[in-house]
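Protein chains in written order, with the working numbering: chain H, 407 to 695; chain U, 407 to 695.
Please keep in mind that the hints were generated in silico from the structure rather than gathered at the bench. Heads up, some of the hints might be wrong.
The list cannot tell twin chains apart, which means a pair is met if one copy fits it or any two copies do.
[To be verified] Listed below are the simulated DMTMM-like cross-link pairs for lysine to aspartate or glutamate, each with C-alpha atoms no more than 20 Å apart in a straight line:
(1) Lys432 <-> Glu562
(2) Lys432 <-> Glu660
(3) Lys432 <-> Glu509
(4) Lys432 <-> Glu564
(5) Lys689 <-> Glu562
(6) Lys411 <-> Asp565
(7) Lys432 <-> Asp568
(8) Lys432 <-> Asp565
(9) Lys411 <-> Glu621
(10) Lys543 <-> Asp633
(11) Lys688 <-> Glu621
(12) Lys543 <-> Glu562
(13) Lys543 <-> Glu595
(14) Lys543 <-> Glu425
(15) Lys432 <-> Glu571
There are 2 protein chains.
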Amino acid sequence: MNAVKRIERALDAAVSMAEMPGCPPKLAAAMRYSVFPGGARIRPRLCLAVAGACGEDQPKLADAVAASIELLHCASLVHDDLPCFDDAETRRGRPSVHRAFGEPLAVLAGDSLIVLAFQVLVQNAAPSPSRLVPLVKTIGGSVGIPWGIVAGQAWECEDHADLAEYQREKTGALFAAATIAGAAAAGAEAEPWRLLGERLGEAYQVADDIRDVIENAEDLGKPVGRDLALGRPNAAAQFGLDGAVQRLRRLAGEAVEAIPDCPGARELRAVILSETQRLMPKKLAQHAA
Amino acid sequence: MNAVKRIERALDAAVSMAEMPGCPPKLAAAMRYSVFPGGARIRPRLCLAVAGACGEDQPKLADAVAASIELLHCASLVHDDLPCFDDAETRRGRPSVHRAFGEPLAVLAGDSLIVLAFQVLVQNAAPSPSRLVPLVKTIGGSVGIPWGIVAGQAWECEDHADLAEYQREKTGALFAAATIAGAAAAGAEAEPWRLLGERLGEAYQVADDIRDVIENAEDLGKPVGRDLALGRPNAAAQFGLDGAVQRLRRLAGEAVEAIPDCPGARELRAVILSETQRLMPKKLAQHAA
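Sequences are here, hints too, so could you generate the full structure?
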């Protein structure tokens, strides 16, 4: 079964827990709407690619880790879209969760998805309980305090935020978790995988910043120019479009070089190269061609 | 060291993680404000009482479990107070978190506290990693889907909610987690402890419903009559004040009877009796005297 199918199946199994008797049906619907249909699923695909490269021996656990990371990503989108943050009307080309279900259910769907990320881990850790320690530590750190995505989002509430710190926490943390936890799911030493995830996270953030400046809302499925409108740090605004593109290329190269020794290093290198090429916004790729 | 000191120390250690360099200071302040000064800390005290009765052998782990449960309780208060739910101006006699820090930081403080509940567990599980599995399962289930406090809160978004289901999830789930996880922290068989927690949770909810009807806002430190104003289920409104008081007494008795066999059953019985007596609102206790 290919990675995308494994991820969708694991996410479906997780969200299905909300469809059990006794769980409020509107919450279940809001959670499913938050997770399906997904975006590129880039973080869980990265997680499975690393688990595979490390000689994955517990595919169900690797699937759970990948799903856990994607659930956290979805949760962060739902809460970031709330009226008190971005007040986004659309997400992935349709109404945002709070527009479709109301603000209370958007808050609760986000909360439940955060918790579900941990529930999914523990449900699939029975065959190798010792791996649960590094996994909960990594996943918890990637979303919580002091340096996870929630901390990153909270920099938007400060008068002065450091662009690097903000992006490392808001985007990089979950990418680093994808590589570290991918290795931990396979029973490999996890920490050497941090740098790969961090570089890919930075690259992804720069690509997102570029898109926010150059794309139109229809292509992107969400509003554009939001960073400027909301006074948020944006690499393309800070370094100029050419500077941002150069930065993206450099980060992609550093990511490939950061792959640690592992049984499947060669295949992983090909995956990372292909992923980083996909990051470059189409308009710029056409422009460069 | 007594239970209250242990709980405050464990909570302080947890929240201090947000005060590390690189974590946004306003988020750290909002989290500390959400947790200190606390209320009665009834859930973590219950958790430690059960761990002690089961022959606690890992006090640091028991402290972490107690803190984890209180962090989730605090998180639920912060999110429940948000404008899109209760829009509470005050909590524990001072401005609610969103009134003091703004809505974005209230959402993020709640999110971070949820995650911190899991981080605290894993940080203290190293000496007995096998206990992490039942602990994460119990804590996750008590807050998430399908039957945790977030699911309970989401019943408020449904057109029709069953009073028993609503209260079992919104309040009972975290009390049940306190007893179950207290036993699990001590390495004891955990599931027999569920009934005690459920009965205490119901008793606490009924007491809270009574207070919502009879107390004044100054005594309570938060607005009163909110259930009626918000159209929420309330046992005192449903069964009348006398009916609710009878129900509270019956639940307290059932809780004491539900204590499983354990080394410290006698001391625990005394604790539970004292706790359930404290639940009776002062005005009614005076009236009955």
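Hint check:
1. Taking the shortest Cα distances, Lys432 and Glu562 sit within 20 Å of each other only across copies (10 Å), while inside one copy they are farther apart (30 Å).
2. Within a single copy, Lys432 and Glu660 get their C-alpha atoms no closer than 44 Å, and across copies no closer than 34 Å, so neither meets the 20 Å cut-off.
3. Taking identical chains as interchangeable, the C-alpha atoms of Lys432 and Glu509 lie at most 20 Å apart only when both belong to the same chain, with a minimum of 12 Å there against 24 Å between chains.
4. Taking the shortest alpha-carbon separations for Lys432 and Glu564, only the inter-copy value of 7 Å comes in at or below 20 Å, while the best intra-copy value is 34 Å.
5. Taking CA atoms no more than 20 Å apart as the test, Lys689 paired with Glu562 passes in neither setting, with 29 Å inside one copy and 46 Å between copies.
6. For a Cα distance limit of 20 Å, the shortest separation of Lys411 from Asp565 qualifies neither inside one copy, at 43 Å, nor across copies, at 36 Å.
7. Within a single copy, Lys432 and Asp568 get their C-alpha atoms only as close as 39 Å, which misses the 20 Å cut-off; across copies the closest is 15 Å, which meets it.
8. Taking identical chains as interchangeable, the C-alpha atoms of Lys432 and Asp565 lie at most 20 Å apart only when they sit on different chains, with a minimum of 10 Å there against 37 Å within one chain.
9. In this assembly of identical chains, Lys411 and Glu621 lie within 20 Å of each other by CA distance neither inside one copy nor across copies; the values are 29 Å within and 56 Å between.
10. In this assembly of identical chains, the alpha carbons of Lys543 and Asp633 never lie at most 20 Å apart, being 31 Å within a copy and 39 Å across copies at closest.
11. Taking the shortest alpha-carbon separations for Lys688 and Glu621, only the intra-copy value of 9 Å comes in at or below 20 Å, while the best inter-copy value is 63 Å.
12. Taking CA atoms no more than 20 Å apart as the test, Lys543 paired with Glu562 passes in neither setting, with 25 Å inside one copy and 33 Å between copies.
13. For the identical chains of this complex, Lys543 and Glu595 are intra-copy neighbours only, at 14 Å inside a copy versus 25 Å across copies, given an alpha-carbon limit of 20 Å.
14. Taking identical chains as interchangeable, the C-alpha atoms of Lys543 and Glu425 lie at most 20 Å apart only when they sit on different chains, with a minimum of 18 Å there against 28 Å within one chain.
15. Taking the shortest alpha-carbon separations for Lys432 and Glu571, only the inter-copy value of 15 Å comes in at or below 20 Å, while the best intra-copy value is 37 Å.
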